[in-house]
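*Asks:* First to last, the protein sequences are chains Z and Y.
Going letter by letter, the first sequence gives residues -17 to 309 in our numbering.
Going letter by letter, the second sequence gives residues 1069 to 1373 in our numbering.
Please note that the accuracy of each hint is not assured.
Under the rule of at most 30 Å between Cα atoms (straight-line distance), these lysine-lysine pairs were calculated in the DSS-like manner [unchecked claim]:
{"#": "1", "chain 1": "Z", "residue 1": "Lys187", "chain 2": "Y", "residue 2": "Lys1365"}
{"#": "2", "chain 1": "Z", "residue 1": "Lys187", "chain 2": "Y", "residue 2": "Lys1309"}
{"#": "3", "chain 1": "Y", "residue 1": "Lys1309", "chain 2": "Y", "residue 2": "Lys1372"}
{"#": "4", "chain 1": "Z", "residue 1": "Lys194", "chain 2": "Y", "residue 2": "Lys1372"}
{"#": "5", "chain 1": "Y", "residue 1": "Lys1365", "chain 2": "Z", "residue 2": "Lys202"}
{"#": "6", "chain 1": "Y", "residue 1": "Lys1334", "chain 2": "Y", "residue 2": "Lys1232"}
{"#": "7", "chain 1": "Y", "residue 1": "Lys1372", "chain 2": "Z", "residue 2": "Lys202"}
Since the hints were derived computationally from the structure, they do not count as laboratory data.
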Amino acid sequence: MIFEKFLNKWILFFLFLIPVLGFIFEEPYYITLTTKVVILGIAGIGLNLALGYCGLISFGHAAFFGLGGYVTGILSFHALNSELIFSWPFIASGSSNMLVIWPIAILSSAFLALVIGLLSLRTTGVYFIMITLAFAQMLYFFAISWPNYGGEDGLSIYMRNSLPIVNTMDPFTFYVICLFWLLLVIFISVKLINSSFGMAFQAIKQNEERVKSVGIETFKVKLLVFVISGTITGLAGSLYTDLNRFISPSVLNWQMSGEIMVFVILGGIARLYGPIVGAAFFIVLEQTLGSYTENWQFWLGLILILEILYVRSGILSLFEKKLKYEK
Amino acid sequence: MISILFFEQLLNGIQFGTMLFLMSAGLTLIFGVMGLINLAHGSFYMIGAFSAALIASLTGSFWLALLASLSGAAIAGVLIEIIIIRRLYRRDHLDQVLATFALILLLSEAVRWCFGAFPLYLDIPKNLNGTLPILDDIIYSKYRLFIIFMGLLIATGLYILITKTRLGIRIRAGQNDRQMISALGVDISKLYTIVFALGASLAGLAGAMIGAIQSVEVGMGEPILILAFVVIVIGGIGSIKGAFIGSILVGVTDTIGRIFLPELLKVFMEPASATSVGSSIGSMLIYILMALILIIKPSGLFGKT
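So that you can see chain Z by itself, here it is in the shape it has in the complex:
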């Protein structure tokens, strides 16, 4: 555990060092790449709370990621063409201010997670995996066939949404904003995991019956974890839209759910910084393999299979073992 804390500091250090170097040497590409790692890391940390710490294998977190993204895209789209989003039951107009967009994205993801959680948590095991997948696919097909916001082609928002004072179009500034969110999400996760509520949801992963027997209403605990988890992933989706200035149904696709899951597993399940390492590994692999061969996904698949068959507990565990031998 102590070693993991030490390692986590290094992870944060690198996450900060690369963009600073990118800033100094005027290589915005590396800043953007690190920003992507940070954002996908946030999405992974969200999923990890449900999947890693509570054992809720959600195969539908793309729903939250995509909803956060679409809320951001739609608000910004309407701010640009100054049409109302809807006028009933209340008047809603667009906005391109992140301080407005974030709370709306967060609240809508939380609401969606509440609805999906209420329905899905009635099932367990494979059925839970499949029903969460089905809800995400439902949204995916809705986004594809709903013509108002670009349908299958997606929605471009041209200008990144703004914040007061700072210029969000600057890659480094936007990176700092995302890093701020990452640190906040990590802070909240640490507080949650070590709280009595956190003990309860981690115990549910071990043995739900026992947790029930001491008088804890496990359904409520699981639902709350699921909502928090979905909300964090939704926030990441919002940032992701702003990073790309584009949103398309592909972020709602089941492959997105699979990828977020891969971040969590690659890094090491139920490790706080695991998803960041997983996302970083995934993106570095995508970039390096992608520059050598068109068929990089073949090698990605191979590496993943080998990881699952032989390493089992994620990249971070590799470092841990090495240290034990040194002792």
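Chain Y: place on chain Z using the hints.
*Replies:* Showing chain Y alone in chain Z's frame:
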């Protein structure tokens, strides 16, 4: 007029359903016997279609192509089961989901490597081209009728296999109690390989038959894989009967919903928005159906509780 359209769409739905059954029968068997969630099942659908397209372009025979789809997918199934899948049976669902997710990436890219990124086309044989009058004024595509016929034939074959043969008895025994049948001297790992190959070959056949109507391309297996999952979840995981009823239900609901929901909504709404709302809801309909069924019966229609 509307009744003719309805009848045609009903047949389309049944045709779609029988192909879904070929996919989901294997998926549900593999889950029922080995306890494995196999996301890579759609890859066998793709491998079957590509094997068929390859043999069809070499020999020009559609029937040899169908045979190739069965054997190509079965061979791929045996190899993959022996090399990778059998290490996953004892793992938890999460590892299985991820490993087979990775397998999709690997197999899709491997096929793209061999055949290139462009879609291939598989021709319908001449004597199945054209239409056939069914009732007074209803004509229907011969090839689609052939698909329905094949689907029902295979469903019957599977039923006989599972209920009447020794292999079927072993498969059912494997679903009930793995340890017991291996204690009784059945070579369990061989049984697993056979079941996996059987499932893969059915998926391959479905891929080839659908490939002749649509196109044969990388990634063709994933949309239908997700639908097959919906089917087996609706039917109850592990139940072949559930897979059959679920397939027809999903096939018909999806086809009818997409066509008639916009029409139905036009009664209440203005045409333009009825079309967009209707087609949106139409494409979500089966997922809504699945959610409803799981809420009422959390383990599917024929699942064990």
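*Asks:* Enumerate the violated hints, using their earlier numbering and listing them in ascending order.
*Replies:* When the structure is compared with the hints, numbers 2, 6 turn out to be violated.
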